[in-house]
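Peer 1: Sequence:
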Amino acid sequence: MTITAGIDLGTSSTKAVLVNERREILGKSIRRTGSNLELAAEKTYQQALAQAGITAGDVDYVASTGFGRSTVPFRDIQMTDLTAHGQGARVLFPGTRSVMDIGAQSTRAMRIEPTGQVKLLRMNDKCAAGAGTFLVRVAKYLELTVEDIGALALKSTQPQMISSVCAVLAESEIINHVTAGKQLEDILKGAMLSIASRAQALLKRIGLEQEVTLTGGIGLNAGMLQALEESMKQKINYHAELGAYTGALGAAILAQVRLRRLRGGADVERTSALAAAA
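Just so it is clear: in the sequence shown, position 122 is 122 by the numbering used here, and no numbers are missing.
These aren't lab readings, by the way, just hints derived from the structure by calculation.
A quick note: this is a predicted structure, and the numbers were derived from the prediction, not measured.
Check the hints yourself; a few may be wrong.
Below are the DMTMM-like pairs computed for lysine to aspartate or glutamate, each with C-alpha atoms no more than 20 angstroms apart in a straight line [what the hints assert, rightly or not]: (1) K155 / E185; (2) K140 / E185; (3) K235 / E209.
Now the in silico label distances, taken between C-beta atoms and shown as ranges [stated by the list, open to error]: (4) V257 / N36: 22 to 32 angstroms; (5) R22 / K235: 48 to 58 angstroms; (6) D148 / I175: 31 to 41 angstroms; (7) N20 / I175: 30 to 40 angstroms; (8) S172 / T55: 50 to 60 angstroms; (9) I175 / R22: 51 to 61 angstroms; (10) G53 / S163: 44 to 54 angstroms; (11) E147 / T179: 41 to 51 angstroms.
Beta carbons: idealized from backbone N, C-alpha and C, even for Gly.
Model the full assembly from the supplied sequences, consistent with the hints where possible.
Peer 2: Written as structure tokens, this is what we have:
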């Protein structure tokens with residue numbers, strides 16, 4: 001059995017996925033990234049290994065992705081998170097042609113080929129008002145937990161729209177809504193629709209093609225997923241169990257492809273030089 005690992009080291013969370021040559025997931029893990037990137041990668045990897053009941057010595061190849069991909073000391077290859085998310089989205093939903101990745105710090109829209117290769121990209125990373133961190137700040141201001149805001153937003157009947165594209169000004173709008181006595185669920189729904197409208201604008205710029213797949217942990221927020229579908233007036237693919245692991249899954253699967261090419265008849269030596277060259 002050939003086992004590969006994908007490590008997605010993001011700004012907010014780190015994910016690890018282990019797969020075999022049949023693309024079966026043997027183990028997976030997720031944890032907050034924190035300030036020590038190498039430690040986050042190592043601990044997440046070890047948790048995935050423990051779940052699979054194997055050791056690092058049983059893994060044939062490791063691919064890293066995400067903003068901290070170059071800091072993963074045990075990687076064999078590193079790849080952009082765009083490449084990994086495109087491949088992961090295609091594997092989870094083979095009909096995917098458009099991908100939305102709403103992360104902690106940025107929102108990205110991609111059009112992909114049937115192979116998962118990224119064809120077009122647009123991103124908005126100039127302000128946190130268009131990404132997941134904004135919802136965290138909104139929840140904190142409203143004295144709510146991030147886990148609670150999704151279900152609460154589903155109860156909204158009169159969403160209070162947020163028009164500002166700047167996080168600071170957007171928070172000022174939220175303060176005004178609170179002062180005016182608006183319902184928390186309506187404020188939350190407005191904040192989510194604000195993020196959804198920015199994501200929709202990015203998709204329009206790349207020329208939206210069906211099917212649309214959402215990647216990243218934000219899809220676990222039922223209110224956010226509903227806001228996206230309402231804004232775009234269509235169904236959006238999201239894998240409830242593996243959506244947050246899309247990048248790590250894509251990296252692990254691409255590691256299988258890379259390993260087969262490299263082996264060609266000889267085993268691959270796991271060296272830092274190989275990772276640097278890749």
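Peer 1: Work down the list of hints and note, for each, if the structure agrees.
Peer 2: To see whether the hints hold, each was checked on the structure:
A distance of roughly 6 angstroms separates the Cα atoms of K155 and E185; the hinted pair therefore holds under the 20 angstroms criterion. For the hint pairing K140 with E185, the CA-to-CA distance comes to about 14 angstroms; that is within 20 angstroms, so the pair holds. With a C-alpha separation of about 13 angstroms, the suggested pairing of K235 with E209 holds against the 20 angstroms cut-off. Checked against the hint of 22 to 32 angstroms, the C-beta distance between V257 and N36 comes to roughly 31 angstroms, which is consistent with it.
Distance hint check for R22 and K235: the Cβ-Cβ separation is about 29 angstroms, which falls outside the suggested range of 48 to 58 angstroms. At roughly 20 angstroms, the beta carbons of D148 and I175 sit outside the given window of 31 to 41 angstroms. Under the hint 30 to 40 angstroms, the C-beta atoms of N20 and I175, about 51 angstroms apart, miss the expected range. The hinted window of 50 to 60 angstroms between S172 and T55 holds, with their beta carbons roughly 52 angstroms apart.
About 53 angstroms separates the C-beta atoms of I175 and R22, a value consistent with the hinted range of 51 to 61 angstroms. Checked against the hint of 44 to 54 angstroms, the C-beta distance between G53 and S163 comes to roughly 52 angstroms, which is consistent with it. One distance hint, 41 to 51 angstroms for the beta-carbon pair E147 and T179, is violated here, with the actual separation near 26 angstroms.
Of the numbered hints stated above, those contradicted by the structure are hints 5, 6, 7, 11, listed in ascending order.
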